[in-house]
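Can you make the complete structure from the sequences, with help from the hints?
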Amino acid sequence: TDASCPPLLLLLLLLLCHRPFPFFPPASSLPLVTIVPPIKPDNGPQAYPEAEKANLPVFTMNYPRIQIPFEITLWMLLASFAKIGFHVYHKITIWVPESCLLISIGLIVGAIMHSVHEEPPAVLTSNVFFLYMLPPIVLDSGYFMPTRPFFENIGTVLWFAVVGTLWNSVGIGMSLFAICQIEAFGVQDINLQENLLFASIISAVDPVAVLNVFEDVNVNEQLYIVVFGECLFNDAVTVVLYNMFSFVAEMPVVEPVDVFLGVARFFVVGLGGMGFGILFGFVAAFTTRFTSKVREIEPLFIFMYSYLAYLVAELFSISSIMAIVTCALTMKYYVEENVSQRSCTTIRHVVKMLGAISETLIFFFLGVVTITTEHEWNWGYILFTLLFAFVWRGLGVLVLTQIINPFRTIPFNLKDQFGLAYGGLRGAISFALAFTLPDNIGRKQLFVTATIAIILFTVFLQGISIRPLIEFINVRRTNRNLGTINVEIHCRLMEHTIAGIEDLCGQWSHFYWKDKFMKFNNRILRRILIRDSRAESSIVALYKKLELQNAMEILDTVSGDIKTNTFKKFLAADLRNMHDILSKNMYKIRQRTVAYTNKHALPNDSQTKEILIRRHASIRRSLRPGSFQSTVSRKTPPKAHSVWFLHESLLEEVAYPTRRSRSSRPARSSSRAMMPLRRLDTLTEAPSVDAVGDGGRTDHGVSRTDSSYSDSHAAPRRHINSSDDQDSGSVDNLRNNHHEAQEEEEQPSSSSPVWAAEPRDGTTRNPLLRRPQWNPKKK
Amino acid sequence: MGSSSSSTERIPDAQELMQETGFSAAHLVRLYERFEFLDKDDRGELRLDDFEAVSELAMNPIGDRIIGAFFSPGRETVDFPSFVRILAHFRPTDTNRTRNGRNGAQPEPANSRTSKLKFAFQLYDQDRDGKVSREELLQVLRMMLEMQVTEEQLQSIAERAIQEADLDRDDAISFDEFKKSLEKVDIEHKMSVRFLE
Chain A
1 TDASCPPLLL
11 LLLLLLCHRP
21 FPFFPPASSL
31 PLVTIVPPIK
41 PDNGPQAYPE
51 AEKANLPVFT
61 MNYPRIQIPF
71 EITLWMLLAS
81 FAKIGFHVYH
91 KITIWVPESC
101 LLISIGLIVG
111 AIMHSVHEEP
121 PAVLTSNVFF
131 LYMLPPIVLD
141 SGYFMPTRPF
151 FENIGTVLWF
161 AVVGTLWNSV
171 GIGMSLFAIC
181 QIEAFGVQDI
191 NLQENLLFAS
201 IISAVDPVAV
211 LNVFEDVNVN
221 EQLYIVVFGE
231 CLFNDAVTVV
241 LYNMFSFVAE
251 MPVVEPVDVF
261 LGVARFFVVG
271 LGGMGFGILF
281 GFVAAFTTRF
291 TSKVREIEPL
301 FIFMYSYLAY
311 LVAELFSISS
321 IMAIVTCALT
331 MKYYVEENVS
341 QRSCTTIRHV
351 VKMLGAISET
361 LIFFFLGVVT
371 ITTEHEWNWG
381 YILFTLLFAF
391 VWRGLGVLVL
401 TQIINPFRTI
411 PFNLKDQFGL
421 AYGGLRGAIS
431 FALAFTLPDN
441 IGRKQLFVTA
451 TIAIILFTVF
461 LQGISIRPLI
471 EFINVRRTNR
481 NLGTINVEIH
491 CRLMEHTIAG
501 IEDLCGQWSH
511 FYWKDKFMKF
521 NNRILRRILI
531 RDSRAESSIV
541 ALYKKLELQN
551 AMEILDTVSG
561 DIKTNTFKKF
571 LAADLRNMHD
581 ILSKNMYKIR
591 QRTVAYTNKH
601 ALPNDSQTKE
611 ILIRRHASIR
621 RSLRPGSFQS
631 TVSRKTPPKA
641 HSVWFLHESL
651 LEEVAYPTRR
661 SRSSRPARSS
671 SRAMMPLRRL
681 DTLTEAPSVD
691 AVGDGGRTDH
701 GVSRTDSSYS
711 DSHAAPRRHI
721 NSSDDQDSGS
731 VDNLRNNHHE
741 AQEEEEQPSS
751 SSPVWAAEPR
761 DGTTRNPLLR
771 RPQWNPKKK
Chain B
1 MGSSSSSTER
11 IPDAQELMQE
21 TGFSAAHLVR
31 LYERFEFLDK
41 DDRGELRLDD
51 FEAVSELAMN
61 PIGDRIIGAF
71 FSPGRETVDF
81 PSFVRILAHF
91 RPTDTNRTRN
101 GRNGAQPEPA
111 NSRTSKLKFA
121 FQLYDQDRDG
131 KVSREELLQV
141 LRMMLEMQVT
151 EEQLQSIAER
161 AIQEADLDRD
171 DAISFDEFKK
181 SLEKVDIEHK
191 MSVRFLE
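If you read the protein sequences in the order shown, they are chains A and B.
At position 138 of the first sequence (counting the first as 1) the number is 138 in the UniProt record's numbering, and the numbers step up by one without a gap.
At position 73 of the second sequence (counting the first as 1) the number is 73 in the UniProt record's numbering, and the numbers step up by one without a gap.
Keep in mind the hints are simulated off the structure, nothing from the lab.
Please note that the accuracy of each hint is not assured.
Covered stretches of chain B, going by a simulated chain A footprint (3 or more residues, C-beta under 8 Å) [claimed, not checked]:
(1) 14-22
(2) 31-40
(3) 52-60
From the three backbone atoms N, C-alpha and C, an ideal C-beta is built for every residue, glycine too.
Written as structure tokens, this is what we have:
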């Protein structure tokens, strides 16, 4: 297959890079550019060897200079090609998690490298892993963590992460120590501390594969968020435990004071990490308040601040993972309101990309290194490790759930517990920690081998089998559709009710804290951190999203080649970026509409009125509840041209830079959006579309275009190309353009004139529609 | 918790209440204590100002409605059984029926999904005509959204909500339509309070 050619070539290239092949000669013998003046040879001793007289070289190569970046790039490309390759067969990725595939490919590459006696790059040294490869992954997880369910379940998450990991580490460590006492296995030299250290390494769960499965199967939100959160936070706990135990392992004697100090340190580390994260998050949010003039570098702040949080936490040896996660969590909410649409997209995209590449590389190298390291295999130790890991995880989940269930509003049932226990795969963190074990531990190789064994075992076996199992035992599912406005309103009502009842009963629960926090947030935090702080209810936000969805659906009916599926998927997932479009101005428009309707007369009154009536009927039909889910049948052609406007306007915003030639025309035209249908009735009573008269600009300059078609075609067209005179934020432009488009929607037109016929290049027609959807999964 | 069974003696009709509402003795005792706490004048029943004295409830956007739900139509005071009966709506749904030993002929328990929905519905439907009209919806929306939106936005949102839910086109949401619109939502979770003991 053609997908495999490039990787093979790359592989070859990589191999060649490592070996000193003749045509990559080392630098010293390269003919560098030298022009040497002729030296008279004399017979005396010469201090320096004679410089060769060389001609000007036409072709030189200097490999060592670029070696490191070059190899990094090639490895990344190779891993990425592997990823592309997997999706050639779509079915594979359903049944086999991607991490398995990556490890397999890594194994193959490792085998190749081993057979030519090459060393893999030292990617998994402590510094490279912890400073360069881990932060993007954690940032990815933290940034896309669904905050609301997370905070609702935070107690459970922390409980499982902290206590669960401790339980696992101590349990496994102790049992392994007991096993070590058995002479038959020949591992008596491993003392308790080392066992504990090893146990702490392998108790870090990393359910990447599982999360993908959960996502696909739509398991209930509670389970998902607990698994997700646990994985995130137990990374932090594991690293702390690891540091603690490795410190302890080097000490000959452990005193109770040390245990106490260990506990204290744990709190310092955890809370300190969170504190730093929150601090940096707020600083980042505050900074973005002022970046409206430097939109191009806005995403930079996000990355720099999160990375800074990570590094500063590393500086003080406190939990950098917690720091970066809390930083991302704090930052996200405020930053996404401050930055422009584009920056928001860029940030999300880059975070995802970095996370993906890091993860890919890690699993890939896991495969490679498996083959190329020296292993020390010990059947007894390793098998018992596997057994204990499994057993303790299961026990741990059972016991911990029993304890925490009474505190939960929805207790976990047995099936959930099974999902939780079985989803305890091991992954990258264990891998890296194993490699960074200090060398003075006698049995380091054994530990490394055991870790790799357990990772491979869990990832392959559990990863592949979890999907059928979850479906078989029928874990509770959740409904993930974008809610209707009813649902949002009623849920809000219910939340308020519950909060009220709880207050009445004198109880607190998370509703209370959430309420308090939201008040604090609205009153203080938003004022400080957000440039344009207007508290926005989620009801209103959802409403705007849904209106936009309507708009898109109307488009969809005409532009038939866009599949409804991808369409809706996009909308559900990515509308957050779009709600600014319909915000604010959408409603002010109506005032202006009403104001203008009386001033000017339509040249062609009755016809337009009739068409408006017809049009509105069709719009009305399209907005039936049922129509949200199903494809709306093809509408009358009159829509065609207006639809193009929406396309074009959105296209324009995205495809072209916001600086455009400004015309003197008032940019905006306003319209009645696809709004409440009753309202539309009034539109038919008065001539709605007026000639654009004045060239005067107002702040949100309203202009009505002429309804005579020749003019109207020209006018709105130009509107697209002109832009606002005030802040040139892309958001505003998009908003403005959308107005024009919406106005055009209302524009009665009996012919499919210039617009429909005038294509923009179909390929880029609506890049927005092709934006990938991002699910909060650890992918 | 041995003492609780004796303290239920202070509560009138404790056994009946427990049977009817499904609260345990411990829950009931705690609720009784709370009732007494709220009942500042020791009248044995709560009045409107007692409810309003709960400061957070007064600040709740729909606080008035919630308080109103406790008062049966026409009455101005709430006695303990009524108090508990309303609160019973918020008990987490029993996943197993055997706890209360009910048989199939029992009336709908207060904390079933339908009862919870009915409670929520009645928060909207103040005139008890079985339908939530646009105006009623608007009132609630106004309360919840307060200063954040303009009147027009409110109208639009209300309009949209009615559009979505109103299947029989009578411009109002009946209880069945209400139920249907929430069929995918986990009401048992959202409308449950974990009562302390």
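**Report entry** Numbers of unmet hints, in rising order
**Finding:** 1
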